[in-house]
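As you go down the protein sequences, you meet chains B and R in turn.
Just so we're aligned: 179 in my numbering is position 175 of the first sequence, and the numbers increase by one with no gaps anywhere.
Just so we're aligned: 266 in my numbering is position 209 of the second sequence, and the numbers increase by one with no gaps anywhere.
Among these hints, one or two may not hold up.
Taking CB as the label site, the calculated pair distances span [unchecked claim]:
#, chain 1, residue 1, chain 2, residue 2, range
1, B, S79, R, G103, 55 to 63 angstroms
2, B, R106, R, Y167, 55 to 63 angstroms
3, B, D100, R, L77, 53 to 61 angstroms
4, B, E247, R, A70, 28 to 36 angstroms
5, R, F378, B, T61, 32 to 40 angstroms
6, R, A221, B, Q205, 25 to 33 angstroms
7, B, R251, R, E228, 19 to 27 angstroms
8, R, A214, B, E47, 52 to 60 angstroms
9, B, F96, R, R104, 43 to 51 angstroms
10, R, I210, B, E250, 35 to 43 angstroms
11, B, D100, R, Y167, 45 to 53 angstroms
12, B, E250, R, A70, 18 to 26 angstroms
Partial list, derived from the structure: chain R residues whose beta carbon lies under 8 angstroms from chain B [said to hold, decoys possible]:
#, residue
13, V86
14, V89
15, D92
16, F238
17, Y253
18, G279
19, T282
These aren't lab readings, by the way, just hints derived from the structure by calculation.
In this text the structure is predicted, and so the values were computed from the model without any measurement.
A virtual CB, placed ideally from N, CA and C, is assigned to each residue, including glycine.
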Amino acid sequence: MRLFTFFLAALAVFFAADATAASPRRIVSIGLCTDQLLLSIAEREQIASLSSWAVNTDMSYLADEVGDIPLNDASVEAVVDLRPDLVLASSFAAWDTARLLRQLGYEVRQIPPVGSIADIYDLLRRVGDWTGNAARAAGLIDEMQQRLAEIEHRYAGRPEKTVIVYAPNGFTVGAGTLENDVFAYAGYRNLAAEMGIEGFQPISLETLLAANPDVLQIDRDLSRSDSLATAYVDHPVLERFSEQRERLDIPLPLRICGGPMIVDAVEAMASRR
Amino acid sequence: MSAPRLRPAALYAVLLPALLLMLLLALQVGPVDIDLGQAWQDWNAGRTTVPMLILFELRLPRALLALTIGATLGLAGAALQGLLRNPLAEPGIIGVSNGAALGAVIVFYYGLAGLGWYLLPLGGLLGAMVSVAVIFLLVGRSRSVVTLILAGIAINAVGGALIALALNFAESPYAMQEIVFWLLGSVANRSVNDLYIALPFMVAGWLLMLYCGRYLNALTLGEETAVSMGFDVARMRLLLVIGVTASVGAAVSVSGNIGFVGLVVPHLMRPFVAFEPRRLLPASMVAGAILLLVADSAVQLLSATREMKLGVITSLVGAPFFLYLILKSRNTLQ
């Protein structure tokens, strides 16, 4: 009898595996953004390994959910050793690893950079298709759209505010960036985009002050050590400038990657309007 | 050389108004058009407005840094040329500036600067001091131009490599790109804090160098003569070295290595002070300040979004002058 149940169990496992044969079962991610997409969309059993960025609490929103999933250093050797049937990478990082893996005959999928929240829906759909979790991806998209509509409704009465992002070396985010779209959803006007800045470009401190935004988002998270680059964001003039203004300190993990967590960034910003 | 023999009063009647004019010009230059009168009124009324912040927190500190660093480099150039009795001595060429930059880089990128405001200029001072010590070791009492330049090349090469090494191992992900700042120098995006940090060391250095003016006069007649005139040569030399390294070390630690100012300025001023080292010191100081203010305004006017480094301008002007001096001294000084 016991032998029989064991046999049945084994059979069940065999058929279950057979039924999902089309979807990959050993997925390896070698980038922060694909780590988080996998954690959101794929079954845990499908994930063979995530990049070591996944547990970096300065950047990863889902660091707590990594648990016992093995980490990799995004090197070709580490990935090959994991015998993956699908490798997920960003097209904007570790591209050399991705290219070599593809030459070695591995199935490599690269996600494009996202420039809007609509791009995120597209991204979720794609990763859902690649990993055989299309239904879950669709569910996440629905949930995001519902929450965004709710947020818009809840804060509709509040006045619009102007904002500028300032990052090391004087970089700011302009039009065509995810952050710019997040500002729009949260009811902010990004003055850098209105100045004609596209993507990520540096502006001088004088230009920043002259634009005179209601709100400043200053990014220093990634570099606690001293450098001339961070002297831009540490300049005492910003301290004095923001005395009568608000500082928007939306944590980096919420907005560094395209994913469902972007709604939390929108909500955090909208609630501060 | 036939030069107009100006009385000191006449010289400074030209230099000081020019300095003031260039300072006002520097305050006027920037990426944004602001009404300076409005900014001044806001400041007087205690209002924190954008023009007021731009003028007093961005442009004034920058202009004052250019002014004091220019003064430092001009004065240090004149003092070194007098001390080494060598027309090609200059903080940048003989490696003192790179030594200072190395000291500052180590303090700045390895988290030491946060332990005390004085550590950054002190790092610059120590780096400069090591360079000067090596110069004295290599050149000794020789007045050979060639020996001095070769020693400078060697010290600069080692200094530059060590700066790159130190930046390579720095924790900051931006460190490596910033080697350009340390090797070419800039006063862009500096704040009033940088002025506060560097000024005490620069002023102390200025006073020491100016104090040694009479010794430099005596030294033109040779060390023996200076001794016979009652100067303690070792002490005077030490005071001058401390003066040069304190001021150049502090200047470089907030602005990087801005080259050739200390070379060009004393040569331009020498005819106007009757070739007298003591009178050359303050004249070079004021002229250096003017030169760097002009150069920094030019940098901002010539390059809008991606600002070029200040050292690019001073080197473009100074390097041909350096070549001219070498060609000239080939005949007279060998």
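Cross-check of the supplied hints:
1. B:S79 x R:G103: 55 to 63 angstroms: For G103 of chain R against S79 of chain B, whose Cβ atoms are near 59 angstroms apart, the range 55 to 63 angstroms holds.
2. B:R106 x R:Y167: 55 to 63 angstroms: For Y167 of chain R against R106 of chain B, whose Cβ atoms are near 41 angstroms apart, the range 55 to 63 angstroms is violated.
3. B:D100 x R:L77: 53 to 61 angstroms: Holds, at about 57 angstroms.
4. B:E247 x R:A70: 28 to 36 angstroms: The hinted range 28 to 36 angstroms is violated for E247 of chain B and A70 of chain R, with Cβ atoms some 44 angstroms apart.
5. R:F378 x B:T61: 32 to 40 angstroms: This hint is violated: roughly 55 angstroms between Cβ atoms.
6. R:A221 x B:Q205: 25 to 33 angstroms: Taking Cβ atoms as reference, A221 of chain R and Q205 of chain B lie about 28 angstroms apart, which means the hint holds.
7. B:R251 x R:E228: 19 to 27 angstroms: 25 angstroms, holds
8. R:A214 x B:E47: 52 to 60 angstroms: Because 59 angstroms falls inside the window, the suggested range holds.
9. B:F96 x R:R104: 43 to 51 angstroms: Roughly 45 angstroms apart at Cβ, these two residues keep to the hinted range, so it holds.
10. R:I210 x B:E250: 35 to 43 angstroms: Since I210 of chain R and E250 of chain B have Cβ atoms about 54 angstroms apart, the given range 35 to 43 angstroms is violated.
11. B:D100 x R:Y167: 45 to 53 angstroms: 31 angstroms, violated
12. B:E250 x R:A70: 18 to 26 angstroms: Taking Cβ atoms as reference, E250 of chain B and A70 of chain R lie about 52 angstroms apart, which means the hint is violated.
13. V86: 11 angstroms, violated
14. V89: This hint holds: V89 of chain R lies near chain B, its Cβ roughly 4 angstroms from the closest one there, short of 8 angstroms.
15. D92: At 12 angstroms from the nearest chain B Cβ, D92 of chain R fails the 8 angstroms test, so the hint is violated.
16. F238: 6 angstroms, holds
17. Y253: 11 angstroms, violated
18. G279: 45 angstroms, violated
19. T282: Not OK, violated: T282 of chain R not within 8 angstroms of chain B, min 47 angstroms.
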